[in-house]
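J.: Could you slot chain B onto chain A? The hints should help.
The lines below spell out each chain.
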Amino acid sequence: AQTVTQSQPEMSVQEAETVTLSCTYDTSESDYYLFWYKQPPSRQMILVIRQEAYKQQNATENRFSVNFQKAAKSFSLKISDSQLGDAAMYFCAYRTTNAGKSTFGDGTTLTVKP
Amino acid sequence: GAGVSQSPSNKVTEKGKDVELRCDPISGHTALYWYRQRLGQGLEFLIYFQGNSAPDKSGLPSDRFSAERTGGSVSTLTIQRTQQEDSAVYLCASSLVYGGDYGYTFGSGTRLTVV
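Each protein sequence line maps, in turn, to chains A and B.
The first sequence begins at 4 in this note's numbering and counts up by one.
The second sequence begins at 16 in this note's numbering and counts up by one.
With the rest of the complex left out, here is chain B:
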């Protein structure tokens, strides 16, 4: 696609429910990144996919968080048993292999609210 697409744009869920957030990167971009942005704060790294390599999961805050990337394209971030502290904007970005050296292209994010 022309840009990085994220869905849904907004999600309200009850505490304890599972949620799935989707990211569709730019076609041909082999690198995909997930970041979390709490209200008024900076970006917190979650996970990074690069081609067929094992993902860098070093930023996932707990085992309730997981992500996968199917066919080297679409990625899904899953949060199980959501907690109120999970409320944030989840941003996805993509880049070419070494295109991260030239910056990322971001999606518009998914605003997750846990009530």
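Extracted from the complex, chain A is given alone in its bound form:
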């Protein structure tokens, strides 16, 4: 079974600084998808960024980028120029190409200090 591990329950960053959230996963598949979701206090989960495992190029969405290391099964999220609105719980998720469900990590709570 696939598992997703987020080893940092809590992280904090100063406004305008950069922070990296860690995620590792376990799978025997060669093709799959990885995601980072953001969950603010409103509870609404929002997709931040996705990565296709067969693409070596790291995904980037504005201030959000990933460091995807397929051999190491690592998928970290870098947030640059952190803003107060980035404060939320962040979840890493894994999905195979032929299964409906995604497997989520336990989340990392990010605090942004002004």
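Because the hints were derived from the structure by calculation, they are not lab data.
Incorrect hints may appear among the rest.
Claimed, not checked - Selected chain A positions facing chain B (Cβ under 8 Å, derived; list incomplete):
(1) Tyr-36
(2) Phe-38
(3) Ser-45
(4) Gln-47
(5) Arg-53
(6) Thr-100
(7) Gly-103
(8) Phe-107
(9) Gly-108
Ideal Cβ placement from N, Cα and C applies to all residues, glycine included.
T.: Only chain B this time, still in chain A's reference frame:
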């Protein structure tokens, strides 16, 4: 609709009572997912519907939990004889057929409190 709608947003029930949670997915989304999120924890998969295929019920924790999806649209998650450990936020998400490859669209969840 414009987004995934869940109702009620909050539900307090007495132990032993049955509850129904509703999810209205985005129009045209054929895939629908239910997840449970206990306080401060990650998302636990419950059940997945895809079109007219048999649902993947592998995540339902006990036979007290059931779900149905009528007309390929609205879904209802039913918990019978609720227990205190059922207290959690129940999240619903939807996607296009293979849209799950591009991530899910989530609702705001139903916070269930069993007293």
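J.: For the hint on Arg-53(A), does the least C-beta distance to chain B fall short of 8 Å?
T.: Result: holds, 6 Å to nearest chain B Cβ.
J.: Less than 8 Å between beta-carbons is the criterion; does Ser-45(A) satisfy it with respect to chain B?
T.: holds (7 Å)
J.: Holds or violated: is there a CB of chain B closer than 8 Å to the CB of Tyr-36(A)?
T.: This hint holds: Tyr-36(A) lies near chain B, its Cβ roughly 5 Å from the closest one there, short of 8 Å.
J.: Can you verify the interface hint for Phe-38(A): is its Cβ closer than 8 Å to any Cβ in chain B?
T.: Because about 5 Å separates Phe-38(A) from the closest Cβ in chain B, which is inside the 8 Å limit, the hint holds.
J.: Against chain B, run the beta carbon of Gly-103(A) and see if the smallest gap drops under 8 Å.
T.: For Gly-103(A), the interface hint holds, since the closest Cβ of chain B sits about 4 Å away, which is under 8 Å.
J.: If you take the shortest Cβ to Cβ gap from Gln-47(A) to chain B, is it below 8 Å?
T.: holds (5 Å)
J.: Hint validation: Thr-100(A) versus chain B, beta carbon distance must be below 8 Å. Holds or violated?
T.: It holds, given that the least Cβ distance between Thr-100(A) and chain B is near 7 Å, below 8 Å.
J.: Return the status of the interface hint for Gly-108(A): holds when the least beta-carbon distance to chain B is below 8 Å, violated otherwise.
T.: holds (6 Å)
J.: Checking hints one by one. Is Phe-107(A) an interface residue toward chain B, by the C-beta closer than 8 Å rule?
T.: holds (4 Å)
Hint check: no violations occur; every hint is consistent with the structure.
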